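I would like the entire structure built from these sequences, with the hints used as guidance.
Okay, so the sequence shown: first residue is 1 according to our numbering, each after it adds one.
If you are wondering where the hints come from, they were derived from the structure by calculation, not from laboratory data.
Among the hints, erroneous ones may be present.
[Unchecked claim] Using C-beta positions, here's what the derived DEER-type ranges look like:
1. 214 with 122: 43 to 51 Å
2. 244 with 90: 25 to 33 Å
3. 236 with 208: 17 to 25 Å
4. 229 with 58: 42 to 50 Å
5. 160 with 23: 29 to 37 Å
6. 64 with 208: 28 to 36 Å
7. 217 with 241: 14 to 22 Å
8. 81 with 223: 25 to 33 Å
9. 217 with 120: 51 to 59 Å
10. 245 with 124: 23 to 31 Å
11. 217 with 123: 41 to 49 Å
12. 183 with 29: 20 to 28 Å
13. 224 with 22: 49 to 57 Å
14. 233 with 90: 38 to 46 Å
[Said to hold, decoys possible] Heads up, simulated PhoX-like pairs for lysine-lysine below, C-alpha to C-alpha not over 20 Å straight-line:
15. 244 with 203
16. 187 with 232
17. 147 with 183
18. 244 with 229
19. 147 with 117
20. 159 with 203
A quick note: this is a predicted structure, and the numbers were derived from the prediction, not measured.
All C-beta atoms in this analysis are idealised placements derived from N, C-alpha and C, irrespective of residue type, glycine included.
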Amino acid sequence: MENKKEEIECIENTKDVDMVQIINMFSLLPDVLFWIKSSRHCFVYANQAFVDHVGAAKLDDVIGKNDFDFAPVHVARQFIQDDKKVLAGACVTDRFEINQSNNGELAWFTTSKRPLKDKQGNVIGTYGITRHLQKTSTTLAHINAIKTPVEFIRLNYQKAITIEQLAQIAHLSVSALERRFKKYLAKTPKQFLTETRLEQARKLLVETSLPISSICFCTGFGDPSYFAKQFKCFFGLTPSQIRKDNYLDINKHRPNPDKYSV
Numbered sequence: 001m002e003n004k005k006e007e008i009e010c011i012e013n014t015k016d017v018d019m020v021q022i023i024n025m026f027s028l029l030p031d032v033l034f035w036i037k038s039s040r041h042c043f044v045y046a047n048q049a050f051v052d053h054v055g056a057a058k059l060d061d062v063i064g065k066n067d068f069d070f071a072p073v074h075v076a077r078q079f080i081q082d083d084k085k086v087l088a089g090a091c092v093t094d095r096f097e098i099n100q101s102n103n104g105e106l107a108w109f110t111t112s113k114r115p116l117k118d119k120q121g122n123v124i125g126t127y128g129i130t131r132h133l134q135k136t137s138t139t140l141a142h143i144n145a146i147k148t149p150v151e152f153i154r155l156n157y158q159k160a161i162t163i164e165q166l167a168q169i170a171h172l173s174v175s176a177l178e179r180r181f182k183k184y185l186a187k188t189p190k191q192f193l194t195e196t197r198l199e200q201a202r203k204l205l206v207e208t209s210l211p212i213s214s215i216c217f218c219t220g221f222g223d224p225s226y227f228a229k230q231f232k233c234f235f236g237l238t239p240s241q242i243r244k245d246n247y248l249d250i251n252k253h254r255p256n257p258d259k260y261s262v
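Structure (structure tokens):
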């Protein structure tokens with residue numbers, strides 16, 4: 001019992017420990033991106049893996065900047081929206097995402113975010129980790145369970161796709177396919193297909209000058225009205241608003257992250 005008491009006292013005394021030495025341990029994890037942001041979404045710390053991932057030369061090139069300095073506008077805006085939810089007290093845990101790796105290729109990642117609190121419990125920022133799952137063998141089973149239908153959607157979202165078709169190529173029943181998507185992605189195959197199309201549409205809106213109607217059809221939506229409704233529901237803005245707000249020369253007109261509300 002005496003040993004247990006001593007251990008508890010040791011844990012309680014960690015408030016006097018220099019936390020920087022613990023934070024620096026994340027630099028020993030090359031497959032984990034770790035960062036800390038202020039309440040204004042500016043980076044105040046990142047490990048070396050994160051620095052390398054965003055293409056910076058050193059940590060000093062990251063501190064004080066935000067996601068708009070390193071990511072495409074449509075991606076940075078989503079990061080900021082996530083941060084605002086976390087600042088409000090929400091937590092993100094092991095969310096599966098398909099994003100760009102530092103070599104420009106699409107890859108699987110899992111992301112977790114938490115509110116950063118001071119000793120009084122006030123939220124003063126956010127912190128999080130992202131893992132590149134192709135490099136994390138313990139999590140690959142989760143990916144492989146839905147890999148075939150997900151890759152089919154990513155490659156063929158422009159075409160008409162049915163849930164029955166996805167189930168067939170995955171060698172599963174429709175109900176089994178639905179269960180796997182809900183288990184590993186927390187969404188149905190139809191939701192994943194729609195969100196994939198919407199993400200591609202948003203990318204085209206901010207990176208090209210294609211007419212909105214053309215973007216609608218080339219991302220797999222057959223009805224412009226339905227497309228606009230789904231887009232507004234998912235992103236909170238209409239396609240024309242996204243284009244107006246984000247079709248910028250990011251090097252000259254970097255958006256203010258505080259303008260993006262949840």
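Requested in this report: If any of the earlier hints don't hold here, list their numbers in rising order.
Outcome: Numbers 5, 14, 19, in rising order.
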